[in-house]
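S.K.: From first to last, the protein sequence lines stand for chains R and B.
Going by the numbering used here, the first residue of the first sequence is number 1, and it counts up by one from there.
Going by the numbering used here, the first residue of the second sequence is number 1, and it counts up by one from there.
Hints listed in this document are in silico derivations from the structure and should not be mistaken for laboratory results.
Ideal Cβ positions, reconstructed from N, Cα and C, are used throughout, including at glycine.
Accuracy of the hints is not assured; some may be wrong.
[Unchecked claim] Computed list of lysine to any residue pairs in SDA-like fashion (alpha-carbon distance at most 25 Å, straight line):
{"hint": "1", "chain 1": "R", "residue 1": "LYS71", "chain 2": "B", "residue 2": "SER32"}
{"hint": "2", "chain 1": "R", "residue 1": "LYS67", "chain 2": "B", "residue 2": "LEU34"}
{"hint": "3", "chain 1": "R", "residue 1": "LYS71", "chain 2": "B", "residue 2": "LEU207"}
{"hint": "4", "chain 1": "R", "residue 1": "LYS52", "chain 2": "B", "residue 2": "ALA139"}
{"hint": "5", "chain 1": "R", "residue 1": "LYS71", "chain 2": "B", "residue 2": "ARG28"}
{"hint": "6", "chain 1": "R", "residue 1": "LYS70", "chain 2": "B", "residue 2": "LEU160"}
{"hint": "7", "chain 1": "R", "residue 1": "LYS71", "chain 2": "B", "residue 2": "ARG42"}
{"hint": "8", "chain 1": "R", "residue 1": "LYS70", "chain 2": "R", "residue 2": "PRO112"}
{"hint": "9", "chain 1": "R", "residue 1": "LYS70", "chain 2": "B", "residue 2": "LEU46"}
{"hint": "10", "chain 1": "R", "residue 1": "LYS181", "chain 2": "R", "residue 2": "GLY141"}
{"hint": "11", "chain 1": "R", "residue 1": "LYS67", "chain 2": "B", "residue 2": "THR44"}
{"hint": "12", "chain 1": "R", "residue 1": "LYS71", "chain 2": "B", "residue 2": "LEU25"}
{"hint": "13", "chain 1": "R", "residue 1": "LYS52", "chain 2": "B", "residue 2": "ALA228"}
{"hint": "14", "chain 1": "R", "residue 1": "LYS52", "chain 2": "B", "residue 2": "LEU23"}
{"hint": "15", "chain 1": "R", "residue 1": "LYS70", "chain 2": "B", "residue 2": "ILE47"}
{"hint": "16", "chain 1": "R", "residue 1": "LYS70", "chain 2": "B", "residue 2": "ASP253"}
{"hint": "17", "chain 1": "R", "residue 1": "LYS70", "chain 2": "B", "residue 2": "VAL140"}
{"hint": "18", "chain 1": "R", "residue 1": "LYS215", "chain 2": "R", "residue 2": "ASN18"}
{"hint": "19", "chain 1": "R", "residue 1": "LYS52", "chain 2": "B", "residue 2": "ARG28"}
{"hint": "20", "chain 1": "R", "residue 1": "LYS70", "chain 2": "B", "residue 2": "LEU23"}
{"hint": "21", "chain 1": "R", "residue 1": "LYS71", "chain 2": "B", "residue 2": "ALA139"}
{"hint": "22", "chain 1": "R", "residue 1": "LYS71", "chain 2": "B", "residue 2": "ARG114"}
{"hint": "23", "chain 1": "R", "residue 1": "LYS67", "chain 2": "B", "residue 2": "LEU35"}
{"hint": "24", "chain 1": "R", "residue 1": "LYS67", "chain 2": "B", "residue 2": "LEU46"}
{"hint": "25", "chain 1": "R", "residue 1": "LYS71", "chain 2": "B", "residue 2": "LEU203"}
{"hint": "26", "chain 1": "R", "residue 1": "LYS52", "chain 2": "B", "residue 2": "GLN22"}
{"hint": "27", "chain 1": "R", "residue 1": "LYS71", "chain 2": "B", "residue 2": "THR44"}
[As the list claims (entries may be wrong)] Simulated DEER-style distance windows between Cβ atoms:
{"hint": "28", "chain 1": "B", "residue 1": "PHE16", "chain 2": "R", "residue 2": "ALA12", "range": "18 to 26 Å"}
{"hint": "29", "chain 1": "R", "residue 1": "GLY251", "chain 2": "B", "residue 2": "GLY233", "range": "57 to 65 Å"}
{"hint": "30", "chain 1": "B", "residue 1": "MET259", "chain 2": "R", "residue 2": "ASP155", "range": "53 to 61 Å"}
{"hint": "31", "chain 1": "B", "residue 1": "LEU203", "chain 2": "R", "residue 2": "LEU187", "range": "23 to 31 Å"}
{"hint": "32", "chain 1": "B", "residue 1": "ALA27", "chain 2": "R", "residue 2": "GLY129", "range": "47 to 55 Å"}
{"hint": "33", "chain 1": "B", "residue 1": "THR239", "chain 2": "R", "residue 2": "ASP219", "range": "42 to 50 Å"}
{"hint": "34", "chain 1": "R", "residue 1": "ALA237", "chain 2": "B", "residue 2": "PHE16", "range": "46 to 54 Å"}
{"hint": "35", "chain 1": "R", "residue 1": "LYS67", "chain 2": "B", "residue 2": "GLY233", "range": "40 to 48 Å"}
[Stated by the list, open to error] Listing some non-contacts, in silico: residues in chain R with all C-beta distances to chain B over 12 Å:
{"hint": "36", "residue": "LYS26"}
{"hint": "37", "residue": "SER36"}
{"hint": "38", "residue": "ASP162"}
{"hint": "39", "residue": "SER172"}
{"hint": "40", "residue": "LEU198"}
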Amino acid sequence: MIDVHGVRFSYADRPILNGIDLGVRKGEIVAVMGGSGGGKTTLLGLIAGRLKPDSGSVIVDGFEVPKLGKKELYRLRRRVGMLFQFGALFTDLTVFDNVAFPYREQTDLPEPMIRTLVLMKLEAVGLRGASDLMPAELSGGMARRVALARAVALDPAIMLYDEPFTGLDPISVGIIGRLIKRLNQALGMTSIIVTHDLNETLRLADRVIVLADGKVHRDMVPDHIRETDDAFIRQFADGLPDGPVPFHYSGKDYLTELLGP
Amino acid sequence: MRTTIYAFFEAIGHFFTSRLDQLGLAARFTGSLLLVLWVAIRRTGLIIRELYFSGVRSLLIIAVSGLFVGMVLAVQGYEVLQRYGSAESLGVIVALSLVRELGPVVTALLFAGRASSAVTAEIGLMRATEQLAAMDMMAVDPLSRVIAPRFLAAVVSMPLLAAIFTTAGIFGAWIIGVQLIGIDDGAFWSQMQASVDVRVDVLGGLLKSVVFGTAVGLISVFEGYFAAPTAEGIASATTRTVVTSSLAVLLLDLVLTIMMFRGLS
Numbered sequence: 001m002i003d004v005h006g007v008r009f010s011y012a013d014r015p016i017l018n019g020i021d022l023g024v025r026k027g028e029i030v031a032v033m034g035g036s037g038g039g040k041t042t043l044l045g046l047i048a049g050r051l052k053p054d055s056g057s058v059i060v061d062g063f064e065v066p067k068l069g070k071k072e073l074y075r076l077r078r079r080v081g082m083l084f085q086f087g088a089l090f091t092d093l094t095v096f097d098n099v100a101f102p103y104r105e106q107t108d109l110p111e112p113m114i115r116t117l118v119l120m121k122l123e124a125v126g127l128r129g130a131s132d133l134m135p136a137e138l139s140g141g142m143a144r145r146v147a148l149a150r151a152v153a154l155d156p157a158i159m160l161y162d163e164p165f166t167g168l169d170p171i172s173v174g175i176i177g178r179l180i181k182r183l184n185q186a187l188g189m190t191s192i193i194v195t196h197d198l199n200e201t202l203r204l205a206d207r208v209i210v211l212a213d214g215k216v217h218r219d220m221v222p223d224h225i226r227e228t229d230d231a232f233i234r235q236f237a238d239g240l241p242d243g244p245v246p247f248h249y250s251g252k253d254y255l256t257e258l259l260g261p
Numbered sequence: 001m002r003t004t005i006y007a008f009f010e011a012i013g014h015f016f017t018s019r020l021d022q023l024g025l026a027a028r029f030t031g032s033l034l035l036v037l038w039v040a041i042r043r044t045g046l047i048i049r050e051l052y053f054s055g056v057r058s059l060l061i062i063a064v065s066g067l068f069v070g071m072v073l074a075v076q077g078y079e080v081l082q083r084y085g086s087a088e089s090l091g092v093i094v095a096l097s098l099v100r101e102l103g104p105v106v107t108a109l110l111f112a113g114r115a116s117s118a119v120t121a122e123i124g125l126m127r128a129t130e131q132l133a134a135m136d137m138m139a140v141d142p143l144s145r146v147i148a149p150r151f152l153a154a155v156v157s158m159p160l161l162a163a164i165f166t167t168a169g170i171f172g173a174w175i176i177g178v179q180l181i182g183i184d185d186g187a188f189w190s191q192m193q194a195s196v197d198v199r200v201d202v203l204g205g206l207l208k209s210v211v212f213g214t215a216v217g218l219i220s221v222f223e224g225y226f227a228a229p230t231a232e233g234i235a236s237a238t239t240r241t242v243v244t245s246s247l248a249v250l251l252l253d254l255v256l257t258i259m260m261f262r263g264l265s
């Protein structure tokens with residue numbers, strides 16, 4: 001379903017991805033983990049066609065994404081949903097209108113039918129009762145659920161999640177996690193989740209891909225992560241401040257900087 | 001010494017290349033905006049919504065400002081005209097300065113401060129909170145859904161607001177000149193009617209407004225669209241909108257005035 005091959009990408013002169021290879025089969029939930037600034041979100045941007053790789057190929061649903069024109073890209077994106085880190089709800093629209101947005105923009109459905117569909121989607125995330133609220137009146141977890149309802153409105157074949165658990169309380173994390181799993185099973189979606197939340201990831205994902213130094217460091221099933229003695233993954237899993245990912249941002253030598261050359 | 005000289009030339013070079021960069025960016029942005037304009041123009045509901053926010057909500061400040069500007073013009077104009085015994089020409093003086101210059105220019109300046117700054121901040125914040133990205137991911141082009149309606153609203157509302165400003169100004173001048181000072185009512189209106197030309201003055205002023213609306217609208221959406229997604233970035237983008245718009249309006253006014261009124265007299 002998704003095939004990324006030898007992709008390199010850099011912002012200005014700073015290399016982010018140095019030849020990434022990964023494949024995601026239909027119906028799979030794949031979690032992408034790695035340190036902050038490690039190129040996880042960049043990877044989603046490349047798959048969604050929001051960024052163009054310096055080299056390498058990105059194939060989604062049979063289409064070579066970087067080569068698509070705007071029109072073809074938009075046609076592909078109707079089948080690709082994305083949940084943004086903080087939901088990215090339209091702040092000037094109510095919850096209802098936010099979820100109705102994709103129907104109103106992309107379909108010619110009559111308003112009564114849109115109403116039914118929107119209420120169904122909101123019911124699925126448990127927020128039918130909040131349909132008249134404005135996004136500013138929602139808690140972080142509720143906003144993320146509304147955004148999820150909006151992202152899956154057109155029943156996409158592929159869902160991309162950009163840190164769906166960040167900044168949420170444990171209950172909301174559990175709810176979002178269960179919703180992702182259920183959507184995946186009910187609609188047969190293929191999902192890629194970029195996340196830091198190890199516990200939820202291990203419960204949810206079929207496969208975990210760990211990025212390090214702009215490359216795929218490990219590609220394994222969740223059970224192996226708990227047991228592995230790979231230094232990088234242990235640092236990540238146990239939350240150690242220093243290890244393969246250094247605590248210090250690279251700079252001049254400490255003594256030299258304090259005392260002068 | 002040598003490095004200072006290098007740094008100096010580097011700074012000059014950087015200044016010009018970054019300006020050129022900006023110019024190219026603005027040109028490409030304008031180009032892609034024009035491309036989606038014909039799609040956006042059919043979404044009248046969206047344009048009407050923006051007309052309300054930019055145009056209708058600016059009515060009060062425009063009308064009140066117009067009234068006061070007209071009143072001041074009447075006081076000043078009368079003071080000069082009565083020295084030459086032609087106080088009845090007050091209507092002409094006031095109407096011509098309002099229709100040709102003050103109406104379009106002051107309206108554009110007020111619009112930049114009242115409406116365009118808000119548009120820049122709104123778009124900038126939509127970008128910072130990934131709302132534009134989310135729209136793009138839902139296969140809806142933010143350029144035609146968000147940017148174009150706001151731009152079109154500025155182009156449409158500017159001449160209408162300028163007309164209201166001018167009307168309020170003439171009314172203000174009438175209150176001062178005719179009601180308070182006591183200039184002859186008939187002379188005030190008939191001289192105005194005889195001297196203000198519809199094609200040259202009224203349409204000329206209207207044309208100015210449309211040009212100002214295009215410039216101010218373009219600047220406000222451009223600054224918002226490319227604002228850095230931080231509090232500071234949006235603040236400085238909003239400031240830039242007002243400053244750049246005001247300067248652009250004054251410069252364009254000079255150019256248009258020379259083109260339109262040079263050959264008259």
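S.K.: State the violated hints by number, sorted upward, taking the hints as numbered earlier in the document.
M.R.: 3, 6, 8, 11, 16, 22, 24, 25, 29, 31, 35, 38
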